[in-house]
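Participant: So the protein sequences, as listed, match chains A, B, C and D.
Numbering-wise, our numbering puts 274 at position 142 of the first sequence, and it's gapless, one number per residue.
Numbering-wise, our numbering puts 224 at position 92 of the second sequence, and it's gapless, one number per residue.
Numbering-wise, our numbering puts 395 at position 263 of the third sequence, and it's gapless, one number per residue.
Numbering-wise, our numbering puts 397 at position 265 of the fourth sequence, and it's gapless, one number per residue.
Worth flagging that the hints you see were computed from the coordinates, not collected in a lab.
Positions of the beta carbon are idealized from the N, C-alpha and C atoms, including for glycine.
Treat the hints with caution; some may be incorrect.
[Said to hold, decoys possible] Covered stretches of chain B (in silico footprint by chain C; criterion: 3 or more residues with CB under 8 Å from a CB of chain C, positions within the stretch not fixed):
no.: 1; region: 232 to 246
no.: 2; region: 253 to 262
no.: 3; region: 394 to 404
[To be verified] Residues from chain D that keep clear of chain B, each with C-beta distances beyond 12 Å, as calculated:
no.: 4; residue: N203
no.: 5; residue: K253
no.: 6; residue: S293
no.: 7; residue: E305
no.: 8; residue: D414
no.: 9; residue: K423
Protein chains: 4
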Amino acid sequence: MVDFYFFLNFTNMKKITILIHCKDQSGIIAAVTNFIASIGGNIVYIDQHVDQEQEVFFMRLEGEFEKASFNTSDFKIQFQQKIADLFNMSWELHTAAYLPKMALFVSKYEHCLYDILGRYKSGELTLEIPLIVSNHLDLKPIADSFGIPFFHVPVSKDNKSEAEAKHLALLSEHAIDFIVLARYMQIIPEGFINQYPHKIINIHHSFLPAFVGAKPYHSAYKRGVKIIGATSHYVTVELDAGPIIEQDVTRVSHTHSISDLVSKGRDLEKIVLSTGIKLHLDRKVMVYNNKTVIFS
Amino acid sequence: MVDFYFFLNFTNMKKITILIHCKDQSGIIAAVTNFIASIGGNIVYIDQHVDQEQEVFFMRLEGEFEKASFNTSDFKIQFQQKIADLFNMSWELHTAAYLPKMALFVSKYEHCLYDILGRYKSGELTLEIPLIVSNHLDLKPIADSFGIPFFHVPVSKDNKSEAEAKHLALLSEHAIDFIVLARYMQIIPEGFINQYPHKIINIHHSFLPAFVGAKPYHSAYKRGVKIIGATSHYVTVELDAGPIIEQDVTRVSHTHSISDLVSKGRDLEKIVLSTGIKLHLDRKVMVYNNKTVIFS
Amino acid sequence: MVDFYFFLNFTNMKKITILIHCKDQSGIIAAVTNFIASIGGNIVYIDQHVDQEQEVFFMRLEGEFEKASFNTSDFKIQFQQKIADLFNMSWELHTAAYLPKMALFVSKYEHCLYDILGRYKSGELTLEIPLIVSNHLDLKPIADSFGIPFFHVPVSKDNKSEAEAKHLALLSEHAIDFIVLARYMQIIPEGFINQYPHKIINIHHSFLPAFVGAKPYHSAYKRGVKIIGATSHYVTVELDAGPIIEQDVTRVSHTHSISDLVSKGRDLEKIVLSTGIKLHLDRKVMVYNNKTVIFS
Amino acid sequence: MVDFYFFLNFTNMKKITILIHCKDQSGIIAAVTNFIASIGGNIVYIDQHVDQEQEVFFMRLEGEFEKASFNTSDFKIQFQQKIADLFNMSWELHTAAYLPKMALFVSKYEHCLYDILGRYKSGELTLEIPLIVSNHLDLKPIADSFGIPFFHVPVSKDNKSEAEAKHLALLSEHAIDFIVLARYMQIIPEGFINQYPHKIINIHHSFLPAFVGAKPYHSAYKRGVKIIGATSHYVTVELDAGPIIEQDVTRVSHTHSISDLVSKGRDLEKIVLSTGIKLHLDRKVMVYNNKTVIFS
Numbered sequence: 133m134v135d136f137y138f139f140l141n142f143t144n145m146k147k148i149t150i151l152i153h154c155k156d157q158s159g160i161i162a163a164v165t166n167f168i169a170s171i172g173g174n175i176v177y178i179d180q181h182v183d184q185e186q187e188v189f190f191m192r193l194e195g196e197f198e199k200a201s202f203n204t205s206d207f208k209i210q211f212q213q214k215i216a217d218l219f220n221m222s223w224e225l226h227t228a229a230y231l232p233k234m235a236l237f238v239s240k241y242e243h244c245l246y247d248i249l250g251r252y253k254s255g256e257l258t259l260e261i262p263l264i265v266s267n268h269l270d271l272k273p274i275a276d277s278f279g280i281p282f283f284h285v286p287v288s289k290d291n292k293s294e295a296e297a298k299h300l301a302l303l304s305e306h307a308i309d310f311i312v313l314a315r316y317m318q319i320i321p322e323g324f325i326n327q328y329p330h331k332i333i334n335i336h337h338s339f340l341p342a343f344v345g346a347k348p349y350h351s352a353y354k355r356g357v358k359i360i361g362a363t364s365h366y367v368t369v370e371l372d373a374g375p376i377i378e379q380d381v382t383r384v385s386h387t388h389s390i391s392d393l394v395s396k397g398r399d400l401e402k403i404v405l406s407t408g409i410k411l412h413l414d415r416k417v418m419v420y421n422n423k424t425v426i427f428s
Numbered sequence: 133m134v135d136f137y138f139f140l141n142f143t144n145m146k147k148i149t150i151l152i153h154c155k156d157q158s159g160i161i162a163a164v165t166n167f168i169a170s171i172g173g174n175i176v177y178i179d180q181h182v183d184q185e186q187e188v189f190f191m192r193l194e195g196e197f198e199k200a201s202f203n204t205s206d207f208k209i210q211f212q213q214k215i216a217d218l219f220n221m222s223w224e225l226h227t228a229a230y231l232p233k234m235a236l237f238v239s240k241y242e243h244c245l246y247d248i249l250g251r252y253k254s255g256e257l258t259l260e261i262p263l264i265v266s267n268h269l270d271l272k273p274i275a276d277s278f279g280i281p282f283f284h285v286p287v288s289k290d291n292k293s294e295a296e297a298k299h300l301a302l303l304s305e306h307a308i309d310f311i312v313l314a315r316y317m318q319i320i321p322e323g324f325i326n327q328y329p330h331k332i333i334n335i336h337h338s339f340l341p342a343f344v345g346a347k348p349y350h351s352a353y354k355r356g357v358k359i360i361g362a363t364s365h366y367v368t369v370e371l372d373a374g375p376i377i378e379q380d381v382t383r384v385s386h387t388h389s390i391s392d393l394v395s396k397g398r399d400l401e402k403i404v405l406s407t408g409i410k411l412h413l414d415r416k417v418m419v420y421n422n423k424t425v426i427f428s
Numbered sequence: 133m134v135d136f137y138f139f140l141n142f143t144n145m146k147k148i149t150i151l152i153h154c155k156d157q158s159g160i161i162a163a164v165t166n167f168i169a170s171i172g173g174n175i176v177y178i179d180q181h182v183d184q185e186q187e188v189f190f191m192r193l194e195g196e197f198e199k200a201s202f203n204t205s206d207f208k209i210q211f212q213q214k215i216a217d218l219f220n221m222s223w224e225l226h227t228a229a230y231l232p233k234m235a236l237f238v239s240k241y242e243h244c245l246y247d248i249l250g251r252y253k254s255g256e257l258t259l260e261i262p263l264i265v266s267n268h269l270d271l272k273p274i275a276d277s278f279g280i281p282f283f284h285v286p287v288s289k290d291n292k293s294e295a296e297a298k299h300l301a302l303l304s305e306h307a308i309d310f311i312v313l314a315r316y317m318q319i320i321p322e323g324f325i326n327q328y329p330h331k332i333i334n335i336h337h338s339f340l341p342a343f344v345g346a347k348p349y350h351s352a353y354k355r356g357v358k359i360i361g362a363t364s365h366y367v368t369v370e371l372d373a374g375p376i377i378e379q380d381v382t383r384v385s386h387t388h389s390i391s392d393l394v395s396k397g398r399d400l401e402k403i404v405l406s407t408g409i410k411l412h413l414d415r416k417v418m419v420y421n422n423k424t425v426i427f428s
Numbered sequence: 133m134v135d136f137y138f139f140l141n142f143t144n145m146k147k148i149t150i151l152i153h154c155k156d157q158s159g160i161i162a163a164v165t166n167f168i169a170s171i172g173g174n175i176v177y178i179d180q181h182v183d184q185e186q187e188v189f190f191m192r193l194e195g196e197f198e199k200a201s202f203n204t205s206d207f208k209i210q211f212q213q214k215i216a217d218l219f220n221m222s223w224e225l226h227t228a229a230y231l232p233k234m235a236l237f238v239s240k241y242e243h244c245l246y247d248i249l250g251r252y253k254s255g256e257l258t259l260e261i262p263l264i265v266s267n268h269l270d271l272k273p274i275a276d277s278f279g280i281p282f283f284h285v286p287v288s289k290d291n292k293s294e295a296e297a298k299h300l301a302l303l304s305e306h307a308i309d310f311i312v313l314a315r316y317m318q319i320i321p322e323g324f325i326n327q328y329p330h331k332i333i334n335i336h337h338s339f340l341p342a343f344v345g346a347k348p349y350h351s352a353y354k355r356g357v358k359i360i361g362a363t364s365h366y367v368t369v370e371l372d373a374g375p376i377i378e379q380d381v382t383r384v385s386h387t388h389s390i391s392d393l394v395s396k397g398r399d400l401e402k403i404v405l406s407t408g409i410k411l412h413l414d415r416k417v418m419v420y421n422n423k424t425v426i427f428s
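With the rest of the complex left out, here is chain A (with noise of 0.2 Å):
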């Protein structure tokens, strides 16, 4: 990983990505490309989206510039006057060199666990992930086995204002980016969500929005759904109502008992999860109106 970034750096090129939104207007494409051509930029990928109901535009555009010619914030000034205040937008600079600092929270249930830690440290995740927060102890073995460090924050019904101070600051502490709750299985309280809006990423065992709430799997199991699925999305404060970022299913029967149905989840949580996750490190998706924009 060191020689990799070793040598990004020695070449002279710095990649960037914007996130653009606005009331949806004439001209806006033309403007930015060509705001971005006439800063000496290339532009390697662009997509865009017009919710044409809501009348907003969305896009995602990444660009390369030669180091030498290239300055964040006379970047970030120019951009503001010349193309952001004419179309009212709201925008986005991302920098390729920063690595985003991510922290998972876990209770008893270890299979996203094991799946995100199995890809950080193959290094699919290009991510920093500095600590492992749990309301229980049963996990820290392998959080130990993967040299990650552990903080057991126990809630309880008398203590929940406490917990959630302990949390925040671990956060601040530790300059967390975002948090993605791999089975945490507990509510998030709406201090605590505020802080990170559309930066907590939850996995939700069920085709949300069919079997809200505890237990999906014995829901699914009663009704005699033929598929099952998991939703990855932001935590918002109504429970299991947030931005959906990703979805995916599996086909059960009426031979699949709940246990079995269980077993079968996971593997849908795993992925779903760590798709989400992907989305969201590589700047992809876009919230608007409590759904997600999830560029290619």
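With chain A's structure known, arrange chains B, C and D on it following the hints.
Facilitator: Coordinates of chains B, C and D only, in the frame set by chain A:
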């Protein structure tokens, strides 16, 4: 078709299908298979299922007998006395010779109608379609072009019981075995449902239990799901809550408008409904506790 | 349908689609979008792809112009001079008004024919079908019932060049834009293919490149695969080796006989072929290096 | 785990699984089920399959006996004399108590190894992994972190037979029941294969029979397929041509580079290999004529 059945009549084997369910007990499989063997039958297929939670046993068996040695009424009497009474079974016997009679109920959407009639004409569905019933006249030309009698029974707030009476009269007159609602878009009255228990198949254009009721594609769009589905199920008194026969899904994205969902959904509806019809036709569906056992 | 087009004629916007490919270079996107903006157009959709290995750039753009201010020939001249010559582009312009003319070639299997005609009649395919061509008479009644002219052109070892001449004459006479082989089961001669490059769509009943050639379901059965597929592709001189437009698959098991595979495959073939037709129709397919770029 | 088996030992029921195949004949099912009933057993699962073309009968049966009344050797003798000899059966008896011993062969890719070890540690795979064997040292740290003995057996052109001898000695020494090649990337010699017939499971990173041999993702990219796959199969002497246990696929598009295919393929490989392992473990696979029967 005629030649085919002519040929079948000249084989000297009689093919039967038996469906059984009863409280789970020791020795059922041995008793049934031993009985079939004892009267000279050969079992060509056997599948069984035990609902461990409810302690219910289900079995589907296909057997062959030499025609000369098989008498349907004798078989029924003997099986009842020697086996069914012993285990307190509910059971059905079906013989391959009979072509079930299916009524099609449609409204204004033609895609499922075209699909079913295409399959019917090409010999994929071994049944008879004595009539098509609709509350509108729009699809009459399609019925005509396929040479199937079309009955127009308008339904309004004021004539509901009159319409129901007409429906039931038509079904009775044509000796209909089961009814398929091919996007019929009208609620079937309780009295009608009770006359055809688990014999009315509906296609619902969502992945049930998500998006029950009207306009599921609109709801799916609003929720921002990444996968849409369709469900074929037996109609029961509670809306869209009957035993699920088959479901299927397809991926969608933020780029799809509501009308794209409607369009993609049409293909799902066609496949899921025709699969449901075929499973029902092949006597592969057993209903218990508002769920289905689907034999392979 | 008439009313709908009547209405369209009275909007004052002209919708165009441009497809571009050329060697990958800096500044293409900015140049194109800037050009469209400079002549008063609004870009409603843009998607681009770069084949990094081959260094080829592909773009699909949909734009809208006020009718009063848009002239097709002027646009073509200006775009060629100001943009296409600059980047040495290959490009095409399509206007939404034109309804493409599709010829259907069939043999004895009716499932794809029924499927396409059902979609056509219900307005799902916005095209014209001036004729159906077949080497057999079996499917003539279907063509008749849908009111489409049917031409019987027998093909044998001895009359191949005569048949080809008849085919080409029919296609020319009816000003056919593209041809769909709906399980036509005959090899198309090289001369024919060369007159319709990337304009003949075939459905092959396997997951290519597995099981090229005749009887793929038999081969799939023999190999014991757990999934079967279908592939729609443009016909090229090498059998079943042309650019793939769409593929889909379905699960099978040891319980399925060859005829079960054939039956399950029919549904795949219908969906995969009609998806291929729709992508071609919507100008969403570009061919390069015997592969396709499929825009969303 | 210990507690669980401890508990099992204290139930008074003995669970057995029988796999049978023989020429298809009348009366097999009745004879077998009657035999089980006659010695006091209860059949909890039965599934059968007839290969109509080859006229071969397959059966999988799970039964329960009171421990006090069941003796394995007696059962074997009686079943052989009273049933198997009568129908000239090949058959196997498995008892639930035994934990199979699996050897893992790996090379440099870690994703399947992480996946299998994660499932193993979380109790999803009820087996023992006495050793991991590799021709490289790269993955030793993973084996160490999971506490599993790692044996480094380098393989080169010059030491092939020596390496084979070492492999066979290790397997014998650890009483290995079956071997999993988790992206081992070396061809297994014929002598080795013959010692473990249908007991070596490989994962091939394509949808077989497409893209046999090396670099299937490169070939898939070059052919422009829209779906890629993975296949788990028993190793036979002909490369990538053994009986297929499980396959799965995922959609790809022109936007995916070869390294994207590799990355998407990893998730397929993990699921397809672990499914293959579980089916083998549960005695749900029977091999005949280079194909598998997979019981549900």
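Participant: Would you mind marking each hint as holding or not holding in the structure?
Facilitator: Now for the hints, and whether the structure bears them out:
1. Figure legend: the region 232 to 246 of chain B, annotated as covered by chain C; annotation consistent (3 residues with Cβ-Cβ distances under 8 Å, at least 3 required).
2. With 3 residues having a Cβ less than 8 Å from any Cβ of chain C, the region 253 to 262 of chain B passes the three-residue criterion, so the hint holds.
3. Three residues within the 8 Å Cβ limit are the bar, and the region 394 to 404 of chain B against chain C gives 4, so the coverage statement holds.
4. Non-interface call for N203/D relative to chain B: holds, since the shortest CB-CB distance, roughly 20 Å, exceeds 12 Å.
5. Taking the minimum C-beta to C-beta distance to chain B, about 28 Å, the non-interface status of K253/D holds against the 12 Å cut.
6. With a cut of 12 Å on Cβ distances, S293/D stays outside the contact zone with chain B, its closest approach being about 47 Å.
7. Every C-beta of chain B lies more than 12 Å from that of E305/D, the closest at about 41 Å, which supports listing it as non-interface.
8. Once the 12 Å rule is applied to beta carbons, D414/D is consistent with being away from chain B; the minimum gap is 17 Å.
9. A cut-off of 12 Å between C-beta atoms confirms that K423/D is not in contact with chain B; the least separation is 17 Å.
The earlier numbered hints are all upheld by this structure, with none contradicted.
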